[in-house]
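J.: Listed below, chain by chain, are the residues.
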Amino acid sequence: MAVTTTKTVAVDGNTAVAEALRQLNPDVMPAYPITPSTGIMQSFTSFVSNGKVDTEVILVESEHSAMSAAIGASAAGGRVATATSSQGLALMWEMLHIASGYRLPILMALVNRALSAPLNIHGDHSDGMGMRDCGWIQLFCENAQEAYDNTIMAYRIAEHLDVRLPIAVNMDGFIISHSIESMQFIPDEEVKKFIGEYIAVDPLLDIDNPKSIGALVLPDYYMEHKRAQHEAMTKVQKVVQDVSAEFAKLFGRKYDIFETYRLEDAEVVLVALNSAAGTIKDEVDRYRDKGIKAGLLKPRLFRPFPYEEVGAALKNAKAVCVMDRADSYGGFGPMYMEIASALYPHRGPVLFNKVYGLGGRDLMPLDVDQVIDETIEVAKTGKAKMAKEYITVRN
Amino acid sequence: MSTTQEKPMTLKSLSHKQDLLSGGHRMCSGCGAPTIVRQVLLAIDEPVVIANATGCLEVSTCLFPYTAWRVPWMHSAFENAAATASGIETMYRSLRKQGKLKKEMKFIAFGGDGGTYDIGFQALSGAMERGHQLLYICYDNGAYMNTGIQRSSATPFGADTTTQPAGSKIQGKTQRRKDLTRIMAAHNVAYAAQASPHNWKDLMTKVKKALATNGPAYMGIVAPCNRGWRTQTNDSILLSRLAVDTCYWPLYEVEGGKWTINYDPKDKKKPVTEWLKPQGRFKHLFAPGNEGLLERFQKYVDQDWESLKKLQEMSKS
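Residue numbers (this note's numbering), protein chains in the order written: chain U, 1 to 395; chain Z, 1 to 317.
The hints are simulated quantities; they were obtained by calculation from the structure and are not laboratory data. Being a predicted model, the structure only gives us computed values, none of them experimental. Glycine is no exception: its CB is placed at the ideal position from the N, C-alpha and C atoms.
Residues from chain Z that face chain U, not an exhaustive set, calculated with beta carbons under 8 Å:
#1 P47
#2 R70
#3 S86
#4 I88
#5 T90
#6 M91
#7 L101
#8 K103
#9 M105
#10 G126
Far from chain Z by the CB rule (all over 12 Å, computed), these chain U residues:
#11 A90
#12 L250
#13 D285
#14 G348
#15 P365
Between the sequences and the hints, there should be enough to build the whole structure, so can you do that?
T.: See below:
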């Protein structure tokens with residue numbers, strides 16, 4: 001049942017995102033079930049069966065076809081959304097590049113889950129990091145409220161005429177998707193007003209002005225297409241900030257390109273995405289109570305990555321531990337690489353990398369404490385013992 | 001039946017219609033595919049939107065910044081023309097339902113046999129099962145011609161391809177081809193048919209029927225490829241005719257479970273060697289010692305033809 005209330009509700013992350021999608025009322029939703037995102041699709045199809053949305057759902061036979069149909073539908077000239085996780089996203093990978101290359105503002109709810117092998121259905125960021133270079137805007141969310149709010153904001157960002165790019169809203173599988181939290185929904189009418197009518201750009205179904213979409217482009221023009229895509233990405237950050245500011249004004253909840261928690265004078269800093277940030281905030285408070293200047297930076301906008309602002313926010317810390325819930329085997333964790341790039345122009349803090357929580361392994365407060373303790377030590381000595389290390393793992 | 005079918009379809013009347021695939025594209029001279037596409041588009045009176053799988057037709061007709069298409073046309077990848085078309089057609093239905101779009105349109109997806117029988121098979125099966133209002137047309141030249149004549153599951157038995165070449169130990173393709181039209185018929189689609197560009201009237205009538213049916217439709221059309229078949233560029237129509245006259249490529253249609261053979265050569269059925277002989281890809285089959293392979297080819301054709309006649313007979317009652 002659709003919940004439309006400004007009152008506080010208790011729902012899980014999937015229900016929250018499904019509710020946002022109901023309010024967004026996309027014209028077409030192609031989707032294929034995969035744990036842990038299936039709940040979104042199940043809730044949404046019940047909206048369809050009960051006439052709560054205008055959406056036509058396409059129950060495709062694979063995620064590759066889900067993204068292919070999303071691309072066809074979006075190019076045809078309307079709003080499109082889909083939801084997936086892990087292997088489903090991996091199967092879409094070819095088409096993710098085509099969605100962004102065709103500048104189609106498709107919305108994807110990505111419920112982050114580990115990639116096989118070994119098979120694992122639980123939350124980590126391997127899938128989201130795997131689409132890092134696909135040309136999609138990527139937003140990461142700490143909890144159900146953020147997942148809901150970012151989903152409501154997603155079309156406004158993706159469809160902006162300076163942008164016209166697909167967007168993925170990430171939340172942690174199970175930890176958020178299947179956990180009930182208290183949060184707030186925005187009334188339907190206000191969502192409708194906030195997102196506005198869809199403006200189709202060069203729709204395929206404009207039969208009187210036939211267009212060819214998807215030409216073969218050889219070396220003589222390929223780079224110009226790619227540069228145009230790059231330039232669109234450079235416009236995203238401002239649009240995200242503008243849309244977030246408008247959202248805050250209307251609905252009260254403030255978002256920026258990243259969140260800082262007690263960071264201003266922090267000497268010992270952790271960087272982490274999504275749900276782990278909640279646990280880290282608690283521990284930052286505990287260390288602050290002990291007189292330790294600890295802080296957190298939680299990126300929200302991962303693509304495009306706000307290097308300049310992140311660098312400026314971190315440059316005065318003494319030591320920064322970047323927590324990655326994904327690995328680039330043989331390299332640093334993907335978030336570490338971004339933070340290192342962001343800090344490159346500064347004579348910044350000592351930087352080191354911890355890989356945690358793969359395949360849904362819990363990150364407990366005591367684990368965070370160990371990381372903070374080590375970061376304090378690194379801040380004192382000016383040296384990291386290990387550049388990159390797996391934590392909460394058997395030896 | 002649509003009203004458009006009532007109009008007489010003559011070469012003279014068709015000559016007044018605009019070609020919706022313009023000249024100046026980069027398809028090889030003698031290629032069957034653009035002839036097929038032009039016949040398909042000439043058969044339609046309603047607005048039509050095209051989805052195209054990656055392949056010869058796609059790369060040669062829309063090379064940036066040019067396009068040969070005078071109708072809305074979209075390509076996204078190799079294996080997904082049916083899925084892409086599903087998305088386009090569903091957006092059309094959604095916008096129509098919401099009153100945001102007024103005009104009626106038809107939807108066609110084109111793919112070669114590689115993009116249809118092999119890598120696109122799953123997407124095609126899914127789209128047909130879901131019942132989208134679209135016609136999927138496979139122009140079947142029996143190999144991955146775009147990338148240099150590699151074997152596909154549509155490649156005929158014995159054919160020499162660059163990935164299953166005829167050599168001293170292996171005489172080309174060792175397997176029979178997949179019979180996709182029958183597999184599509186087994187999806188209980190609204191309409192499934194085989195056609196050939198030498199019989200334009202049959203082909204165009206089938207396109208009209210396919211688009212007039214209420215549901216998904218599939219057409220397999222034999223498409224001579226002089227590069228892959230190693231034939232003369234001016235023999236394409238002759239070879240498509242021989243494919244039908246030898247019963248290698250029978251013209252038939254399946255509508256609501258009823259199988260109809262549209263052309264039965266009866267006692268004029270030619271031996272398949274008449275179709276094989278002019279094609280360089282089968283040259284090795286005519287070498288001394290390979291008589292058994294030719295016999296096997298003929299046996300496969302005969303078996304398929306007989307079973308097709310039985311399907312027609314059985315579905316009469």
